[in-house]
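There are 2 protein chains.
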Amino acid sequence: MTVTLADVAARAQVSPATVSRVLNGNYPVASSTRERVLRAVDELDYVLNGPASSLAAATSDLVGILVNDIADPFFGIMAAAIQSEIGGPGGRAGGERLGVVCNTGGSPERELTYLTLLQRQRAAAVVLTGGAIEDTAHAGAVAAKLRKLHEAGTRVVLCGRPPAPEAPEAIALTFDNRGGGRQLTEHLIGLGHRRLGYIAGPEERTTTRHRLEGHRAALDAHGIEDDPRRTVHGRYDRRSGYEATLELLRRDPSLTAVVAANDTVALGACAALRDSGLRIPGDVSVAGFDDLPFSIDVVPALTTVRLPLTEAGARAGRIAMGREEPPPGGIATVRGELMVRGSTGVPRT
Amino acid sequence: MTVTLADVAARAQVSPATVSRVLNGNYPVASSTRERVLRAVDELDYVLNGPASSLAAATSDLVGILVNDIADPFFGIMAAAIQSEIGGPGGRAGGERLGVVCNTGGSPERELTYLTLLQRQRAAAVVLTGGAIEDTAHAGAVAAKLRKLHEAGTRVVLCGRPPAPEAPEAIALTFDNRGGGRQLTEHLIGLGHRRLGYIAGPEERTTTRHRLEGHRAALDAHGIEDDPRRTVHGRYDRRSGYEATLELLRRDPSLTAVVAANDTVALGACAALRDSGLRIPGDVSVAGFDDLPFSIDVVPALTTVRLPLTEAGARAGRIAMGREEPPPGGIATVRGELMVRGSTGVPRT
DNA sequence: TCTTGCATAGAAAGCGCTTGCTGTCACGTT
DNA sequence: AACGTGACAGCAAGCGCTTTCTATGCAAGA
Numbered sequence: 001m002t003v004t005l006a007d008v009a010a011r012a013q014v015s016p017a018t019v020s021r022v023l024n025g026n027y028p029v030a031s032s033t034r035e036r037v038l039r040a041v042d043e044l045d046y047v048l049n050g051p052a053s054s055l056a057a058a059t060s061d062l063v064g065i066l067v068n069d070i071a072d073p074f075f076g077i078m079a080a081a082i083q084s085e086i087g088g089p090g091g092r093a094g095g096e097r098l099g100v101v102c103n104t105g106g107s108p109e110r111e112l113t114y115l116t117l118l119q120r121q122r123a124a125a126v127v128l129t130g131g132a133i134e135d136t137a138h139a140g141a142v143a144a145k146l147r148k149l150h151e152a153g154t155r156v157v158l159c160g161r162p163p164a165p166e167a168p169e170a171i172a173l174t175f176d177n178r179g180g181g182r183q184l185t186e187h188l189i190g191l192g193h194r195r196l197g198y199i200a201g202p203e204e205r206t207t208t209r210h211r212l213e214g215h216r217a218a219l220d221a222h223g224i225e226d227d228p229r230r231t232v233h234g235r236y237d238r239r240s241g242y243e244a245t246l247e248l249l250r251r252d253p254s255l256t257a258v259v260a261a262n263d264t265v266a267l268g269a270c271a272a273l274r275d276s277g278l279r280i281p282g283d284v285s286v287a288g289f290d291d292l293p294f295s296i297d298v299v300p301a302l303t304t305v306r307l308p309l310t311e312a313g314a315r316a317g318r319i320a321m322g323r324e325e326p327p328p329g330g331i332a333t334v335r336g337e338l339m340v341r342g343s344t345g346v347p348r349t
Numbered sequence: 001m002t003v004t005l006a007d008v009a010a011r012a013q014v015s016p017a018t019v020s021r022v023l024n025g026n027y028p029v030a031s032s033t034r035e036r037v038l039r040a041v042d043e044l045d046y047v048l049n050g051p052a053s054s055l056a057a058a059t060s061d062l063v064g065i066l067v068n069d070i071a072d073p074f075f076g077i078m079a080a081a082i083q084s085e086i087g088g089p090g091g092r093a094g095g096e097r098l099g100v101v102c103n104t105g106g107s108p109e110r111e112l113t114y115l116t117l118l119q120r121q122r123a124a125a126v127v128l129t130g131g132a133i134e135d136t137a138h139a140g141a142v143a144a145k146l147r148k149l150h151e152a153g154t155r156v157v158l159c160g161r162p163p164a165p166e167a168p169e170a171i172a173l174t175f176d177n178r179g180g181g182r183q184l185t186e187h188l189i190g191l192g193h194r195r196l197g198y199i200a201g202p203e204e205r206t207t208t209r210h211r212l213e214g215h216r217a218a219l220d221a222h223g224i225e226d227d228p229r230r231t232v233h234g235r236y237d238r239r240s241g242y243e244a245t246l247e248l249l250r251r252d253p254s255l256t257a258v259v260a261a262n263d264t265v266a267l268g269a270c271a272a273l274r275d276s277g278l279r280i281p282g283d284v285s286v287a288g289f290d291d292l293p294f295s296i297d298v299v300p301a302l303t304t305v306r307l308p309l310t311e312a313g314a315r316a317g318r319i320a321m322g323r324e325e326p327p328p329g330g331i332a333t334v335r336g337e338l339m340v341r342g343s344t345g346v347p348r349t
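In order, the protein sequence lines correspond to chains E and G. 1 is the number of the first residue of the first sequence in full-length UniProt numbering; add one for each residue after it. 1 is the number of the first residue of the second sequence in full-length UniProt numbering; add one for each residue after it.
It is worth saying that the hints were derived from the structure and are not from the lab. Ideal Cβ placement from N, Cα and C applies to all residues, glycine included. Heads up, some of the hints might be wrong.
[As the list claims (entries may be wrong)] Covered stretches of chain E, as calculated for chain G (at least 3 residues, CB under 8 Å):
| # | segment |
| --- | --- |
| 1 | 44 to 55 |
| 2 | 64 to 71 |
| 3 | 75 to 84 |
| 4 | 267 to 274 |
| 5 | 297 to 307 |
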């Protein structure tokens, strides 16, 4: 059988209550007693029963981190930052929480199921990362869940995700995707580009929509007509960028620039351009978004919008742990920074 | 207050026992009763109390996935694959498990603490990914924990990690890092290279050691002296690859090839070479390891050893869930495949 | 008609911990 | 000398579920 609190108590010649208090350190215990208890814990190699503890205390040390795609560094980096602040092992004393990363794969159902699972576990906090899905029914369902979680005492934080009007309790750290998208396109327009292709992410995603809106706002501000044929939607992966670029090129071979939904997509775009015999940026400029670590290393280095993923994640983690004040109004906008590098240049003449 | 089983029972006019049985579906319940119960569950918006359930049933639906660095796609890809098989939401019926990814950051203490945390939660299974740390004391401590976990009924699987002799219960899916490393270096030797630099990962890591051993075996097999000055150790990141390459170049400017510990490091190596005015592969060939998604997109595309991360992860996940037979002897070796691409060529004359 | 047996439902005993409340003892106060 | 007053420690009542064991009802077999 496994060792229980009672066993430790017996060995240390104290009551179970005292052992519990030593372990939780939330009640005065004479140091001699404490020592005796700790020795017994050690000798018996006792490990607290988490479920029992959670049940009795009506709290748990689980913190859920929902990501759309754990294999994507965009989420990996944020998750790492969040987890580092969750404390978990190595964190500051006491708050030993288990930061658990849940991979929704971008599926609404999985997102909901994970939320239920976390609710079931009475999670201490939940952090949702990345763009939300723009489906009224689903958004409503998620908002309802978030509200329930909040009511049950779970702290809810959105990181890199727009605020949910129906769940105002959720603290939101939102990326300024619109502003970033606009900056990027204005940079290209400033270089002289007039025929820009845009590879958008999956439809029905807030991130996709906002970045695209920024792009269009820039075009509009400069009196450039937004030909819908110059926009293609796809997934947030390299393959999709490759195919979308070929498609854009087919539709309009005179393009001088391609703006991608993110860096990974931009990578695919670069590959497609090269395979089509076009030089970057000599023939076509390429821009990405996010500034993932590899973006500076590709050749030519990618012009992109740097999002402070680590900083935002860390902040979200701290807020989730109640170690930092939420922003006023529960909403903060995190801006990106335009990184001009080698993949963009003046258009060919 | 939150809704409890008893509330549902009252509403459905049955006993709590019956509700529990309906929910778990492990006992015959008349279909009319079942329906009544399910309706009540729905109407009350009841969510099972996980801790209570785990306590009573002495089992939990948590599955731990330990990774060294969640921000590194190497681990992200494996974690995604494992989680997809854990079932979690979207998985096959019934087994709704919570696959939790724990980021150790490569720290031995955190690894141990996470294992304790998972033990505390009475995890259903634990999957450890990536290379182990070669410290006798730590390895022993981990092995002891794994044995304890196993005794407590937790399934233990190692994925991309060498078997632990002290914890033979743990199923191991090991990458053939040695063989891959050897293949890679033999490829370069075959091209005519004789002065190869090697950027190894952190010391005291099995992955590092095995890849390096493969490299040396290849050198040895071809009668090439292994000058220790041609090997530099560093972290598994781009920066480290950049610096190590400059160091290698300083030590021996006549190098014609650089073999990196992994693709990310290789990326940094490429950058350093370019910044030093050297062409790839014209002046210096570069090879990586892992074949991460971006490796085919960098210019020139990286010669590397492809590791079937997704397949291995999926298999580990299935084994952890008891849905696939463990390999005979509890150990399986997963081979890599040499991918020859543009970053390697004949040495300059 | 009286068992037997099966299918189903309920009663109740925990699972291992936390915590409010109740002592107990040793001091410092009046 | 009687009496607060802290500082500790223990009792015992749950926390919300699972599961064993025990009814109960009813159809079928003897």
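Exercise. Tell me, which hint numbers fail for this structure?
Worked result: Every hint satisfied by this model.
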